[in-house]
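Student: Single-letter residue listing:
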Amino acid sequence: MNKMDTLRNFCIIAHIDHGKSTLADRLLENTKTISDREKKDQLLDDMDLERERGITIKSHAIQMLHDQDGVEYTFNLIDTPGHVDFSYEVSRAIAACEGALLIVDAAQGIQAQTISNLYLALEHDLEIIPVLNKIDLPSAQPEEVTDQIIDLIGCKKEDIILASAKEGKGVADILSAIVHRIPAPEGHAEAPLQAMVFDSIFNPYRGIEVLFRVFNGHIKQGQKVRFMNTGHTYEAEELGVLKLKQDKQEAVYAGNVGYLTSGIKEAKEVKVGDTITAVENPADKAIGGFEDVKPMVFAGIFPVDTDEYEELRNAIEKLQLNDASLTFEPESSAALGFGFRCGFLGMLHMEIIQERLEREFKMSVITTVPNVSYHAYLKSDPEKLVLVTNPTEFPEPSELDHIKEPYIRAQIITKADFVGPVMNLCIEKRGDLKNQVYLTSERVELTFDMPLAEIVFDFYDRLKSLSRGYASFDYTPMDYRETDMVKVDVLINGDQVDALSALIHRSNAYDIGKKICSKLKELIPRQQFMIALQAAIGAKVIARETLSALRKDVTAKCYGGDISRKRKLLEKQKAGKKKMRQVGNVEIPQKAFLAVLQLND
Amino acid sequence: MSGLYFHIPFCRQACTYCDFHFSTRRQQQPAMVAAIRQELQQRAPTGPTGQMKSIYLGGGTPSLLSLSQLESLLQAAQANFSVDPAAEITLEANPDDLSLPYLKQLRQLGVNRLSIGLQSFDDSHLQLMNRAHNARQSRQCLEWIRAAGFDNFTVDLIYGMPRQSPKHWEGQLAALAPFKPPHFSAYALTVEPRTVLAHQVARGTLPAPEEETVAAHFDYLQQWAAAQGYEHYELSNLALPGCRAVHNSAYWQGQPYLGLGPGAHSFDGKQRYANVASNPRYLKAIQEGQPTGTSEWLRPEDHLNEYLMTRLRLDEGFAWADLTERFGSRWAQFVRREAQKHLKAGRFQEAAGRLFIPAAWRFHSDGLAAELFALQPTA
Ligand SMILES: Nc1nc2c(ncn2[C@@H]2O[C@H](COP(=O)(O)OP(=O)(O)O)[C@@H](O)[C@H]2O)c(=O)[nH]1
Ligand code: SF4
Ligand SMILES: [Mg+2]
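Protein chains in written order, with the numbering used here: chain H, 1 to 601; chain L, 602 to 980.
Any given hint could turn out to be false.
As a list, the in silico DSS-like pairs of lysine-lysine whose alpha-carbon atoms are at most 27 Å apart [to be verified]:
1. H:Lys591 / H:Lys521
2. H:Lys574 / L:Lys945
3. L:Lys781 / H:Lys579
4. L:Lys781 / H:Lys572
5. H:Lys552 / L:Lys768
6. H:Lys574 / L:Lys871
7. H:Lys521 / L:Lys781
8. L:Lys942 / H:Lys568
9. H:Lys557 / L:Lys781
These are calculated hints, taken from the structure and not from any lab test. These numbers were taken from a predicted model, which means no experiment stands behind them.
Using the sequences plus the hints, can you model the full thing?
Tutor: Right under this line is the structure:
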């Protein structure tokens, strides 16, 4: 039984805010997948944080039925995460599709994320349906943006669908184009099972739900299946397709998208990109493109209150249950005590975890300066890779043969007026200009190869401010390249504070050392004694500042009306102090541990 | 034991550093005196019971009031409360308002203590502050006060003026010495927001007082006062033995007081009450029989924190037994725990069952008191 001819698998790719979620909602309504009663704006974003930030952090999938000229088609819409931190998941979601709707905001035109996602889609040979959205806006420039799209993907003008997701215009055209332009999946329902995992979802009652796309064969309820890359075998306890709610099925066939549960407890057991096959009559090879996603950014997370270490462990463990890309291991810091070295996919991922710890678990934490992971090679064995994810693991310079750092390819689209400042910033950030294209006379696309580490350190904010918001930015991870890093330590009253150490490119070390000291001087409140702040590379001090002792900490008058007012002020002061961390006898506010990130504020 | 405070919200001119409530438009002065009397009558029935141990006319500048206006206020106090015959009755006065006859008449009204807004013996500083008097008047009034028979009085001085050297401050204290006031207050100049001074500092026309220098002035003050036989009993207040301020001490001892007039504060032991700090709004409220202010209930933690904050400004600090009696042993233990680290470092000291801040750390009294505060979980 092969229904593949009437199946369509597609995703929507767009720059943030161009209307992906809104259009998805219109498709669901038009195909009556959701009734009015179930309508809730932007159905696909269901984590609170996602709603607040307006971006999709995790991808999901949903099936709809569409009647086109009397034939019923089954559409699987696979939603892609909207942030580069999750680019591997994006690539797997794209790999599960045959086509993509490329949405471009008619007022904003093509932006960086449009391009980077488009490249991913083209890499996977997806049929692209360009959609010019928000044509209802008075500020829409349909002709100009149409030209940009034609230029970018080489389509014909008639191929571009004019739409207003908000008003429901063009939705019928889009549905029809999905039927007519996106190819039906290919594959053999009777061949050995090959299904690709493109996502997994944590369900507190049922464990991990695995989302997959069947390429060949079919998967049956009760079947014994093997995940080819991890080697784990499970029984497919329940499976089905993804309607608004899960729709239980006996089997899911080649070409289709489905879910499966089998009592898997932790997200990290399931790897996105893995291939599911049958234990009996297995496929002889896995679907290509599998990668074990590695965290890109590392930081220490410590409880503000040292007594809360176990609670923090609990909280992080719980988060990991539904977020396989979060890694952690215990870390102990002389300055901060016991905590965890956590690995994140990127800065947004790090912020999300931090926020979830605070919101969902009410934890008050100190996060240390994030760093990327370095590949160090020692003189003793220059062939062997030593992974450095923590400044404290940085090898002695004398033992170091060479070291490599991760590079990314960055796409920046900005107005012609800001090309100069943007280039300066990228060059300061050790970027290497690869390409410069005028999309129109006004808009320029710049391509840079840049160290990922430089994006971690205040790149976004500076880009935003120097382009007055007129720059969009996206990147894809590239490779590791040789570099010259040094470990810059911070000494407070002569004692090295391990939690403040940072790995910095030698060319910036002096400058950044100086800025760290003056930033700390600004962030650490004066105390009852003098505090010496120093930055050092090894034994060599490269910068110093002195925070003078507080000599007066009292108000002159305290009469009738002053008492309540003063008390409230002092209560605030004490509450603030309680959030500080005592290192030696110096009290250091939480935000000082991230001083390196705010050097240019 | 309780005190009565009158706030007289008028001044001749605005001193640059001042953030008290006052107005230089004085047409309303008679109406204001009448309104304050009315407030007194309204609040007396629910006001403090027991004897009044002190009456304090502050401001603003109460010495701007005519003798009959002052008399009417004092009479109202006597008529509505039982005033201890030995009560301390203080009038705040500026040197430019004083004359020998006026001073003598004040005594006849029953005023038995003066608080002189002298601030400085240096004309350039007085001008900088936009005070209405000069250095000659500073000296003159002190002679007259004695001549009029006031042997209980206090003098306000300000130190830590912009660019003021330690030597200059020493000179100010030396100028005060011959008058041997039984009591004086020495205030570090504070740049309060929304004052002329704050504006000058922000614009850069005047340097902000330098902390290091101000602290040196305070150190000298401590030494000098000890050598002259003064007890430095409160952070900014010094007295010869037996001459401490009765009224102001009530603020630091958590005793109840009733404050009348715009901007005045009251405390009945449980709640604080603040009158609106606006002459027109105050007058209107009195006229319409509306409440003149707003009140705030203190939670147990608030009481404790205020206790710590005010007591630790005093040289004698507080007695553990007293703290325990007022707040219970759990709070006392909490405070002791919080104090431990600073006790070790010598920032607190203990003697005869009392906790206090030693001279070397007194200029940190607020910060140190706050270290002992109990916080609401939500604070
Ligand atoms: N005027 C107009 N606004 C739209 C249209 N489509 C989406 N929007 C608005 O654009 C914003 C971003 O849309 P959203 O779907 O969240 O974008 P996403 O970030 O790509 O998912 C929201 O405020 C939408 O209401 C459209 O066709 N016309
Ligand atoms: S006289 Fe006193 S109350 Fe009036 S402005 Fe000067 S300092 Fe302030
Ligand atoms: Mg969205």
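Student: If you test the structure against every hint from before, which numbers come out violated?
Tutor: 3, 4, 7
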